[in-house]
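Chain F is fixed; fit chain D onto it per the hints.
Residue numbers (the working numbering), protein chains in the order written: chain F, 1 to 75; chain D, 1 to 617.
Read the hints as simulated data drawn from the structure, not as lab findings.
The following residues of chain D were derived to be distant from chain F, with all beta-carbon distances above 10 angstroms:
| # | residue |
| --- | --- |
| 1 | PHE23 |
| 2 | GLY114 |
| 3 | GLY139 |
| 4 | ALA368 |
| 5 | GLU413 |
| 6 | LEU573 |
| 7 | TYR604 |
The calculated lysine-lysine pairs, modelled on DSS-like cross-linking and capped at a C-alpha distance of 27 angstroms, are:
| # | chain 1 | residue 1 | chain 2 | residue 2 |
| --- | --- | --- | --- | --- |
| 8 | D | LYS563 | F | LYS3 |
| 9 | F | LYS36 | D | LYS463 |
| 10 | D | LYS257 | F | LYS19 |
| 11 | D | LYS563 | F | LYS61 |
| 12 | D | LYS463 | F | LYS59 |
| 13 | F | LYS19 | F | LYS3 |
| 14 | D | LYS563 | F | LYS59 |
| 15 | F | LYS61 | D | LYS463 |
Note that this is a predicted model, so its numbers are computed, not measured.
Heads up, the beta-carbon is just placed ideally off N, CA and C, and yes, glycines get one too.
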Amino acid sequence: MIKIEVRLFATFRENRERKYFFELPKETNILDILNKLNIDREDASLILLNGVDGDVDRKLKDGDVLSLFPPVGGG
Amino acid sequence: MYGYMGKILRVNLTNRTYSTEDFDFEFGKKYLGARGVGVKIMMDEVPAKTDPFSPENKIIVASGGLTGAPIPTSGRYMVITKSPLTGTIAISNSGGHWGPSFKATGHDLIIFEGKADSPVYLYIEDDKVEIRDANHLWGKTVLETTEAINEELEGFKVMAIGPAGEKLSLISAIMNDVDRAAGRGGVGAVMGSKNLKAIVVKGSNKIPIFDSEKTKEVSKSKVSTLRNDPVAGSGLPSYGSAVLVNIINESGVFPVKNFQEAYTDEADTISGESLTEHHLVKKSACYRCPIACGRVVKLDDGTVVGGPEYETIWAFGADCGLYDLETINKANMICNDYGLDTISAGATIAAAMELYQRGFIKDEDIAADGLSLNWGDAEAVLGWTKKMATREGFGDKLADGSFRLATSYGAPELSMSVKKQELPAYDPRAIQGHGLSYAVNNRGGCHIKGYMISPEILGYPEKLDRFSLEGKAAYTKIFLDLTAVIDSIGLCVFTTFGLGLPDYVDMYNAVVGDVHTNESLLEAGERIWNLEKLFNIREGFSSSDDKLPKRLVEDPIPNGPSKGHVHKLSELLPEYYSVRGWDKEGVPTLETLNRLGLEEYSKYIDKESDSEGALSF
Chain F
1 MIKIEVRLFA
11 TFRENRERKY
21 FFELPKETNI
31 LDILNKLNID
41 REDASLILLN
51 GVDGDVDRKL
61 KDGDVLSLFP
71 PVGGG
Chain D
1 MYGYMGKILR
11 VNLTNRTYST
21 EDFDFEFGKK
31 YLGARGVGVK
41 IMMDEVPAKT
51 DPFSPENKII
61 VASGGLTGAP
71 IPTSGRYMVI
81 TKSPLTGTIA
91 ISNSGGHWGP
101 SFKATGHDLI
111 IFEGKADSPV
121 YLYIEDDKVE
131 IRDANHLWGK
141 TVLETTEAIN
151 EELEGFKVMA
161 IGPAGEKLSL
171 ISAIMNDVDR
181 AAGRGGVGAV
191 MGSKNLKAIV
201 VKGSNKIPIF
211 DSEKTKEVSK
221 SKVSTLRNDP
231 VAGSGLPSYG
241 SAVLVNIINE
251 SGVFPVKNFQ
261 EAYTDEADTI
271 SGESLTEHHL
281 VKKSACYRCP
291 IACGRVVKLD
301 DGTVVGGPEY
311 ETIWAFGADC
321 GLYDLETINK
331 ANMICNDYGL
341 DTISAGATIA
351 AAMELYQRGF
361 IKDEDIAADG
371 LSLNWGDAEA
381 VLGWTKKMAT
391 REGFGDKLAD
401 GSFRLATSYG
411 APELSMSVKK
421 QELPAYDPRA
431 IQGHGLSYAV
441 NNRGGCHIKG
451 YMISPEILGY
461 PEKLDRFSLE
471 GKAAYTKIFL
481 DLTAVIDSIG
491 LCVFTTFGLG
501 LPDYVDMYNA
511 VVGDVHTNES
521 LLEAGERIWN
531 LEKLFNIREG
541 FSSSDDKLPK
551 RLVEDPIPNG
561 PSKGHVHKLS
571 ELLPEYYSVR
581 GWDKEGVPTL
591 ETLNRLGLEE
601 YSKYIDKESD
611 SEGALSF
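Isolated chain D, as found in the complex:
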């Protein structure tokens, strides 16, 4: 077996015991690793309707077949669990250096079961595994936790939750290497619910490589392609992901004040260009990454911290009506330290501001906190972010995200979310494929698992008309499936600006063995997507959950270059289900399950709708 380490670590937190199992290579080929393997285990081991915070929920931390291999961007790992925010499958991905260090311990993945009766952290140094007391770490921020571990132990990489995860915030993240985040789906709270504070790793195992010469050659060629690519080799390294601020705003799809507007004259004050000019100290790169989109920035008081991504700048910036990079950098730092998802945190404050603007939240509701909910109030944005993380005062309501907040005021339509997870930084009313991607996403509101911005705005791999519906369903399907491949083999999705499907086949086959063709690798992605869908169906999700907030399908964009457009989801959704080989209710047909080798899960699909076939609209 190559690429994989061949070993699964199973940790029972209730009994404070662990065991190891063989990782089946055939299983690896079929589900690739990381995300695919994690979803498969969740499906097989966690019963339907399990409470995400119960000991019966499991949390899987998994590397892919290429994680840690001498292949560009191989620093990724995945967290897979049932999301407490959405109730769907949670599939959160992170970079940095933790993933490769974990794999070097000789394990492909960890399955956490049960719940510890007091705080613990997991220590792994090659075969040495210990479930250690973490009472002294509980309550500490991610930075403090990392520093405390570094004082106790030498050369370990730290993944940890902050106070937000401990307090079971439904929008809490899992952090690694201080400022990298497996951000979405409230995965931090699942760790918190299990009293699992951190996982610290150090390893000396080498990843077995199928063909070392070929791997060197393939790696060199892909690094060169990425370095010479104008986006991956120049645009992203120069400005980071924040370069999107001006592009998305100039296109009139930059959500302002909780998606009430889609363009602002002030965008350039919070752009990637401004961040580079006024705040950037240096770039940072994840493990074996030639792109180096990471930012390191300096605050006014001289503190040097990890800088914000595009989505973060938008969430705390335009979405909150705030145009001040210093405040956004600080909000980003608070989220990293306390372990909050920056997209959901900023977007939840934005939703609260609109609830206040429209009179749902009253002055007396927030008077005791001494903070306003006025658009653009920097002190309020920072204050609420911290109170959200610690569940202090009104922050307790914010800690569970915008959907539950808005619903508690009788106005769920003011939560700009899909399946209760906050939407990211693109107004889909004038980007039809991207809006479809939002609506059908297996993990709720998400931009990255099917990044249709790439063809519809940026022109990669080809330029599509963003207002048109033609061909968008099929295109979106391919993006969703290809991203499932990239997440599962353990690489970064930003490679797609320079690389395509045959490149991923080259890299996988060089490291793992001549296993996949273009067709079979993409089909593995499709299999993973369908398995996630089946997980959600088993949890009770249906086509009625594949929807966008009312505002985005009914109210035309009121300003800017994309004025007048709405999202046409009802026209796109049937076509999407059809190209997927799903019935009109969005349930995979038996034929589709058979084609993908998922027939063992046929009991979860509705037999009646099967007989109608996939094309019966």
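Looking at chain F on its own, in the form it has when it is part of the complex:
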């Protein structure tokens, strides 16, 4: 099993927590997390795995921090 932290931002926080701490099987990937949280792949505009862009098929490892954002911008 691995322990990971998931952080949600902007509209992803609606009807969800800001942070989740999950204990999951070793083969879990990012898409599994999106499914678990009922977030559409298309809505997750920015997926940061430990601060760096992560592909949805990336497998997670112990201690990973996953940050998920809907489409957002500014300046």
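Using the frame of chain F, we list chain D on its own:
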């Protein structure tokens, strides 16, 4: 002639006279308007090495071909002058409602010359132009000035400086509609140096439109694109620009304590999400803007004021080690009222805090002010902001920005600035293209004229690897040129989240006439960028000024997800000069000037380096 009003207003403040001149349509096509036209006039009319505070410096307030037109986000205008902060060209942009009202007076732009011998304000109601006494307004805040004008006159839009501009603070802004700012480059002080307190406008002229049906159709289609765009239609309206706080922090490029760190666990307390949840009263929109990223917030005492942008939250927040939105909202209000650039004001306090942390500034230097320079001290941040604006006590040193402050303590490297202007809210050590954009910016440290955060962090129009150097020079060039187009036609750069070059061509051609293609419009942006560069070269700037603070190229990021990275400017800069068609010293070649129709300025380029060609690295 369509799109433009066809008239330039020239105001001589020394003699208190004015005249009007025709605005040449060909000139409009070549330099687009606003920023481009302003830079061209500065280049042609203001001699090299002019003291920014002398009567010989001019300040140009200009609308673009689309400003005020029935086109989305057409509320923008530009201020162009020689910057007293950087010594470069100053190109400051603002939204709100003032720009379209000014254009409705029947003028495209105003050129201010000379210096009034006592405070004045300019009154324009269509053809009626008066240089009026402003002794009763001098010393007033921007809000007080606006209220006083509104009591005297009905239905006028007010642009004004606050006490900071009057006191010649090098980081002072020009404000309009109370809380919109042409913020950067110390443009407020240039108005102050001319004893020009305000410009008040009211107009009844309609903008001539080339093809009204087409304009309606194009406008409807672009509004729809913006409304359906996830960022422009949802992200920005919901949270304002402050939504970036968490994104930039989670990416590990959120500068903390004057760029000593790049990540903080406390970011969410000052995020766009927190601002929306705890302080937001309503959104606000500039003229004809479907995005409405503006915020209106309530302070603890019930006062309702304009809310902070992302950059402001960062400058007074993380950069000063402060995580308290109430204090940041108040600091933002002080800056708006006193007319200070929020980025430079917050970043200068942050630099002072690091100078204190490292023992350069001593307790006795600030004892008389009764304020600390401890990280995160809310009372100090608010107190220094006000003292900076009024040049009171130690605030006098802060009023001229971080570079002059740090240099006076023998530690210029602690000013996180480029060409003496404070850097905004992104640590470039792990965003290579954005760092290049900082270093080469014609107006000094600036994020908005070449916003590489868009592709490198946000993924618009496509996602680029932020750590990679590959293709970044060419990409940065396109962003800088496209922004010059948007600034010059009179639209908001936030439209780029939903629109691209062909959209701007559609809008320009519908209003102005079938003038531009994709290629020619972007080339006009490139022409404007090169002309600004020539202005700076004429002022004595060289490749040695295209640099980043030592910390950002030598010291790796010490914490967070981007730990270990430095900016690789020395590798990117030669490639950037090359894609620009500049020589290895960063000077445009004769071929480049000829290609862009700027051959009349060839006397400002070094003939020797010309012969080496652009690709001789």
